[in-house]
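Asker: Sequence:
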Amino acid sequence: MKAGEKQWFVIHTYSGYEQRVQTNLEHRIKSMDAEDNIFQVVIPTENEIEIRDGQRRTVAKKVFPGYILVEMVLNDESWNVVRNTPGVTGFVGAGTRPVPLDEEEVKAIFDQMKVETPRIKVGFSKRESVRVVDGPFIDFIGTVDEIYPEKGKVRVLISFFGRETPVELDFLQVERL
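Numbering (my numbering), first residue to last: 1 to 177.
Derived by calculation from the structure, the hints in this document are not laboratory data.
Note that CB positions come from ideal geometry on N, CA and C, so glycine has one too.
Careful: at least some of the hints might be erroneous.
As the list claims (entries may be wrong) - Below, computed lysine to aspartate or glutamate pairings styled on EDC-like, alpha-carbon distance capped at 16 Å: (1) K151 <-> E48; (2) K62 <-> D134; (3) K62 <-> E46; (4) K61 <-> E50; (5) K61 <-> E71; (6) K121 <-> E48; (7) K121 <-> E71; (8) K121 <-> E77; (9) K62 <-> E50; (10) K151 <-> D139; (11) K114 <-> E175; (12) K107 <-> D134; (13) K6 <-> E48; (14) K121 <-> E46; (15) K121 <-> D170; (16) K107 <-> E50; (17) K62 <-> E48; (18) K61 <-> D111; (19) K6 <-> E50; (20) K61 <-> E46; (21) K126 <-> E175; (22) K153 <-> D134; (23) K151 <-> E50; (24) K151 <-> D170.
Stated by the list, open to error - Using C-beta positions, here's what the derived DEER-type ranges look like: (25) T143 <-> T23: 44 to 50 Å; (26) F64 <-> L177: 16 to 22 Å; (27) L172 <-> M113: 21 to 27 Å; (28) F160 <-> R127: 14 to 20 Å; (29) F161 <-> I49: 31 to 37 Å; (30) P86 <-> K126: 42 to 48 Å; (31) L177 <-> E77: 56 to 62 Å; (32) T89 <-> F160: 31 to 37 Å; (33) T58 <-> E104: 51 to 57 Å; (34) E116 <-> K62: 15 to 21 Å; (35) K126 <-> F64: 41 to 47 Å; (36) T89 <-> F161: 57 to 63 Å; (37) K121 <-> F160: 25 to 31 Å.
Start from the sequences and build out the full structure, keeping to the hints where you can.
Answerer: What follows is the structure, given as structure tokens:
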């Protein structure tokens, strides 16, 4: 690590307070004139499709809950600005010395954030009972047999005419009981 070199560091926060800590830190950077040493504050997120109330929604999901990335030149001034920000519990590193991320790690995190197609959140587990809410089997009760998250589909065993029949349905077509 060269003196005066910009690097990415990971700071630990209370889980669920990442947004507030990011805002607090950005305000402190401005108010303490630390823009020359602290450049970016990023909460790594990825888009995920979740199904709520029968509606498909794309939400930004935190990749590392409780952690924030900070691009900065590490010196006493920048360390104090970050470390003394409300909600920051510390830097990630060995002992009291923050360890910067490798360039490959940073690239992998940002590449993951840029992925165009959102992941589908799987709200079901195998052998769980579900109700069909759409399609030709509406109001039938079945059991989840297989989950295909990459396709956004689930195979449900539905009992009709005295036998269980596997039916492949979209996540939106079923709901938990």
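Asker: With respect to the beta-carbon atoms only, verify the hint that T58 and E104 lie 51 to 57 Å apart.
Answerer: 28 Å, violated
Asker: For K114 and E175, compute the direct alpha-carbon distance and say whether it is at most 16 Å.
Answerer: 30 Å, violated
Asker: Would you check the hint for K151 and D170, treating anything up to 16 Å between C-alpha atoms as holding?
Answerer: 8 Å, holds
Asker: Would the hint linking K107 and E50 be met if the CA-CA limit is 16 Å?
Answerer: 26 Å, violated
Asker: Does D111 lie within 16 Å of K61 when you go C-alpha to C-alpha?
Answerer: Distance ~15 Å between K61 and D111 Cα, so the pair holds.
Asker: Can the restraint linking K62 and D134 be considered satisfied, given a maximum Cα separation of 16 Å?
Answerer: Judged against 16 Å, a Cα distance of about 31 Å means the pair is violated.
Asker: Using the beta carbons of L177 and E77, state whether their distance is inside 56 to 62 Å or not.
Answerer: 57 Å, holds
Asker: Between F160 and R127, does the beta-carbon spacing fit 14 to 20 Å?
Answerer: Roughly 19 Å apart at Cβ, these two residues keep to the hinted range, so it holds.
Asker: Given the proposed pairing of K121 with E71, does the C-alpha separation stay at or below 16 Å?
Answerer: This hinted pair is violated, its Cα atoms lying about 30 Å apart.
Asker: Regarding the pair K61 and E50, is the alpha-carbon distance no greater than 16 Å?
Answerer: 10 Å, holds
Asker: Against the 16 Å threshold, does the CA-CA distance of K61 and E71 hold or violate the hint?
Answerer: This hinted pair is violated, its Cα atoms lying about 21 Å apart.
Asker: Check whether the Cα positions of K62 and E50 lie no farther apart than 16 Å.
Answerer: This hinted pair holds, its Cα atoms lying about 14 Å apart.
Going down the numbered hints, you'll see the structure goes against 2, 5, 7, 8, 10, 11, 12, 13, 16, 19, 26, 32, 33 and 35, while the others check out.
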